[in-house]
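Participant: As a plain string of letters, each chain reads:
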Amino acid sequence: MSVLLSLRNVSVDLGKTRALADASLEVAPGEVIALLGPNGAGKTTLLRAVLGLVAALGEIKLGDASPQTLSARERALRAAYLPQRPQAIWPISVEALVALGRFAHGAAPDRLRMQDQHAVDDAIEACALGPLRQRRMDEISGGEKARAHLARALAQHAPLLLLDEPTAGLDPAQALGVADVLRAQAEKGGSVIFSTHDIALAADVANRVLLMKSGRIIAQGAPTAALTPDALRKAYGRPARLERVGSSFAAIFER
Amino acid sequence: MSASLRIPLALVMLSIAALAAALWLGPTQLANPFASDDITRTIVWDIRFPRALTAWLAGAALGLTGAALQGLSLVLIGVGLSSFAGGLIALALNLAPNPGALADLVNWTLGSVDGRSLEHVALAATLLGIGAVLIFAAARGLQALTLGEEAAVAIGANLTNTRILVVLGAAACTGGATAVAGVIGFVGIAAPHLVRALAGHDPARLLLPSALAGGALLVCADITVRLLPTDTELKLGVAAALIGGPVFALIAARLASRGGDS
Chain A
1 MSVLLSLRNV SVDLGKTRAL ADASLEVAPG EVIALLGPNG AGKTTLLRAV LGLVAALGEI
61 KLGDASPQTL SARERALRAA YLPQRPQAIW PISVEALVAL GRFAHGAAPD RLRMQDQHAV
121 DDAIEACALG PLRQRRMDEI SGGEKARAHL ARALAQHAPL LLLDEPTAGL DPAQALGVAD
181 VLRAQAEKGG SVIFSTHDIA LAADVANRVL LMKSGRIIAQ GAPTAALTPD ALRKAYGRPA
241 RLERVGSSFA AIFER
Chain B
1 MSASLRIPLA LVMLSIAALA AALWLGPTQL ANPFASDDIT RTIVWDIRFP RALTAWLAGA
61 ALGLTGAALQ GLSLVLIGVG LSSFAGGLIA LALNLAPNPG ALADLVNWTL GSVDGRSLEH
121 VALAATLLGI GAVLIFAAAR GLQALTLGEE AAVAIGANLT NTRILVVLGA AACTGGATAV
181 AGVIGFVGIA APHLVRALAG HDPARLLLPS ALAGGALLVC ADITVRLLPT DTELKLGVAA
241 ALIGGPVFAL IAARLASRGG DS
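Which chain is which? The protein sequence lines are A and B, in order. Read in order, the letters of the first sequence are residues 1 to 255 in the working numbering. Read in order, the letters of the second sequence are residues 1 to 262 in the working numbering.
Okay, chain A solo, but in the shape it has when bound (with noise of 0.2 Å):
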């Protein structure tokens, strides 16, 4: 299976609106892939329409099969999927809410076999979450939540991560730890697309970007290349520009 998914002429309509339009996408295990744009660019429509939670037209394979024919057990398998504002009902505890990531492989958290025992724990390392384990879920921080919630994303093991911005909120250097683990994420071969308002941070960890407006992809390439001033201008409205600076990047955005 040589690409994990793959679109082609996409589109989602909510309502009257056309929240996506003819968006063509393919993605290689090990990609890191970020989707850039305004708010109400299309980036969350093009992530859930990936997991089949928005009908859509056009072609969408989630490996080898569309995700409306696959069950929610079998997309679960493919796909794991952070939405933007991730719940937890009941404040359950940091661990008990990561082990819900083992759903789809036939696990309750409260009676893990030995492979989920292990996911749990890796998942809940990468994320440096080790001495929360046991809070319960209303008891920590909003940067502390975020982890705890792509923690719970990894331990699914899908070869697929789709992350509604997973750094929204965070400070700079947690966000650098997420980047961090998307990072090894597709070292291990896996691949991630993540959707920021963070362009330097996108530039930094992404091998891919994807500019989007108004429900179309207007650029997408290595991110040097794709966010030029006239890409970012056009995408934002605004005269803009990515600068190297270092080993990282800078977003400049003129008044």
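Be careful, since some hints might not be right.
[To be verified] Restraint ranges, calculated between C-beta atoms of paired labels, are given here:
no.	chain 1	residue 1	chain 2	residue 2	range
1	B	Ile164	A	Thr228	46 to 56 Å
2	B	Gly80	A	Glu59	53 to 63 Å
3	A	Asp138	B	Ile243	20 to 30 Å
4	A	Gln134	B	Asp104	48 to 58 Å
5	B	Ala10	A	Asp64	47 to 57 Å
6	A	Asp64	B	Leu250	49 to 59 Å
7	A	Glu26	B	Ala179	52 to 62 Å
8	A	Leu176	B	Leu250	55 to 65 Å
What the hints contain is simulated information worked out from the structure, not anything from laboratory work. Since the model is a prediction, treat every value here as computed from it, not as a measurement. Where is the CB? At the ideal position from N, CA and C, for every residue including glycine.
Put chain B on the given structure of chain A with help from the hints.
Facilitator: For chain B alone, kept in the frame of chain A given last:
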């Protein structure tokens, strides 16, 4: 012993204690369940025993249903269904053929386990058994719903199945409970909230403790209405609502101050 065993066990013991108390305690005198005279034996085993067991089964069914429905978070649908069910009861009252039937219906809406027999016990137990099988089959789905609907689907939960199982299970449980005990509020809401402090918030691990607590709660409530020195015995449903209303308001206020988003 792990908490997941210890708490149900403690609640089983509490239930047994409450049932034993219901056999012994009477408004005027204590009765020895092991006495040999016929009158005492009739009072204890033919009157008090089925009554207490009916109360326990109805309470357990309501506690289990409450825990399952709270896991589904179908609050708005619940409000809608509740007013629809209220309408159906009003319709039944409206169409009552004679004053006798009307009185029966009114009594039923007040909720009581007075004068119940082993037939009632069998009916409630059968329906509780069926309901429990369905609801426990939905336990993992309820667990997944902790993440909210969309993320629950994304981790592989089949929410349609979960909802069907819970709704059918809840129908069996509450159907059995209301058929034998009439309308009894409060237990379904209170039992899960009361045991959360002990058993934690995991919706799957809450089901059994909530059922056991609901049973014990209703047996205790029934002992209370039997022992209260009122001229007309207070109905169980009325007592439950009088205690339950304020307790529910308290729980709601606490939840609101904690904030729903965690």
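Participant: Decide, hint by hint, whether the structure agrees.
Facilitator: Outcome of the hint check:
1. Ile164(B) with Thr228(A): 46 to 56 Å: holds, 53 Å
2. Gly80(B) with Glu59(A): 53 to 63 Å: 40 Å Cβ-Cβ, so the 53 to 63 Å window is violated.
3. Asp138(A) with Ile243(B): 20 to 30 Å: About 28 Å separates the Cβ atoms of Asp138(A) and Ile243(B), which means 20 to 30 Å holds.
4. Gln134(A) with Asp104(B): 48 to 58 Å: holds, 54 Å
5. Ala10(B) with Asp64(A): 47 to 57 Å: holds, 52 Å
6. Asp64(A) with Leu250(B): 49 to 59 Å: Holds - the Cβ-Cβ distance for Asp64(A) and Leu250(B), about 55 Å, lies within 49 to 59 Å.
7. Glu26(A) with Ala179(B): 52 to 62 Å: holds, 60 Å
8. Leu176(A) with Leu250(B): 55 to 65 Å: violated, 45 Å
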